[in-house]
Amino acid sequence: MKYIVNGTVYTPSAVIPDGVVAIEGGAIQAVGLAEELEVPADAEAIDASNRDVVPGFIDIHFYGCGGHSLADLDSIPEELAAISTLLPRWGTTSYLISVPVGDHPSLVRVLEVTAEAITAHEAGAQPLGIHLEGPYLDPQKRGAFPVELLREPNVDEIEDYIQAAKGYIQIVTLAPDLPHSRLVARHLRQMGVLASLGHSSASYEEAVSALSEDFPLVTHVFNAMSGLHHRRPGMVGAILTSERAIGMLICDGIHVHPAVVKLLFRMLGPHRLILVTDAMPGAGLGDGIYRLLGQEVTVKEGKATLPDGTIAGSVLTMDRAVANMQAFTGCSLTEALKMATLNPAEALGRAHRKGCLAPGYDADIVVLDEQGQSRLTMVRGEIVWQV
65 MKYIVNGTVY TPSAVIPDGV VAIEGGAIQA VGLAEELEVP ADAEAIDASN RDVVPGFIDI
125 HFYGCGGHSL ADLDSIPEEL AAISTLLPRW GTTSYLISVP VGDHPSLVRV LEVTAEAITA
185 HEAGAQPLGI HLEGPYLDPQ KRGAFPVELL REPNVDEIED YIQAAKGYIQ IVTLAPDLPH
245 SRLVARHLRQ MGVLASLGHS SASYEEAVSA LSEDFPLVTH VFNAMSGLHH RRPGMVGAIL
305 TSERAIGMLI CDGIHVHPAV VKLLFRMLGP HRLILVTDAM PGAGLGDGIY RLLGQEVTVK
365 EGKATLPDGT IAGSVLTMDR AVANMQAFTG CSLTEALKMA TLNPAEALGR AHRKGCLAPG
425 YDADIVVLDE QGQSRLTMVR GEIVWQV
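To convert, count from 1 in the sequence shown and add 64; that's my numbering.
Note that these hints are calculated values from the structure, not bench results. There's no promise every hint is true.
Here are the simulated lysine-lysine pairs, BS3-like style, with alpha carbons at most 27 Å apart [as the list claims (entries may be wrong)]:
| no. | residue 1 | residue 2 |
| --- | --- | --- |
| 1 | LYS205 | LYS66 |
| 2 | LYS326 | LYS367 |
| 3 | LYS326 | LYS364 |
| 4 | LYS364 | LYS205 |
| 5 | LYS205 | LYS326 |
Turn these sequences into a full structure, and let the hints steer you where they fit.
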């Protein structure tokens, strides 16, 4: 049995000062106050040094980091292993990986190889599956996606993708204003896959309809979507007035201005926001030139752009997203943690094992210092990062 001691434990719904987390066999056995939870004298005790002990972060919109992504079919297993090794240094213990889109046969093969790599995964942050962003995106709101890679939604195609990925596709982002998109979204729902509204010029009315029926999620709110105008509310207006939409947010201060982050937090609250990075290979590295979706991306002063100035992913890490959310909105650490842990776990249907520090949950745990950076990260009871 292992014990994390001498820390403030965020479950995240409760805060336990001088808390203790007991771990055995990769799972949490007990959580409580030090005065109530006895630690045997011969136990393996991990000293949190008066720091915050929190659930591991779950990033559900992510392409790569540290120079790694799944851009090369032949090296997908090695790249996925490298990514899983790197992510814990920023507190991420679980993630969905996004794959590069291409023509139909190429994408089928990429999904097959990625599924094999996920199945064979052994160490580090745990890949929970795949977030397929595209190819069913509006060319007018394509963001960094090359227009030649995009096409209209197709039920037969999406079924091929689901089968190729062996059940690992968890989220598909698609534009609800494209032909047949609602048929595809409905098919995804029947297959247990989440359709996420994004990269779209949809009107307010189209977005309201989509959110009320087949689209429970929104991909990177405000980015690559029809904006808010007082006579044309657009997708943003539909999201802000929705009673059920769950929005992913890239909280780097670049994709969305801090004041607008604060507005979004006031409208959706801590229960309907999910912090994501949309990170590309430059994440965790300095300024430089990287590759994303087959294109050259320049990272300068923390901003990743194509040659024409289009933002192309981010270099955000989940620990910074949590810290930024607090700084931009004034929310509590408990609220920011919920958006990075329990909310994504609930969206993926894994809230019974992930996103919380409680008995029976996976021992995915992070010890954060005063700056919100990981000093120790544990995945299923094993320390995979420590300063």
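Status of each hint after checking the structure:
1. LYS205 / LYS66: violated, 49 Å
2. LYS326 / LYS367: It holds: about 21 Å lies between the C-alpha atoms, which stays within 27 Å.
3. LYS326 / LYS364: holds, 25 Å
4. LYS364 / LYS205: holds, 23 Å
5. LYS205 / LYS326: The given pair, whose Cα atoms are some 24 Å apart, holds under the 27 Å limit.
The structure fails to meet hint 1 from the earlier list, while all remaining hints are met.
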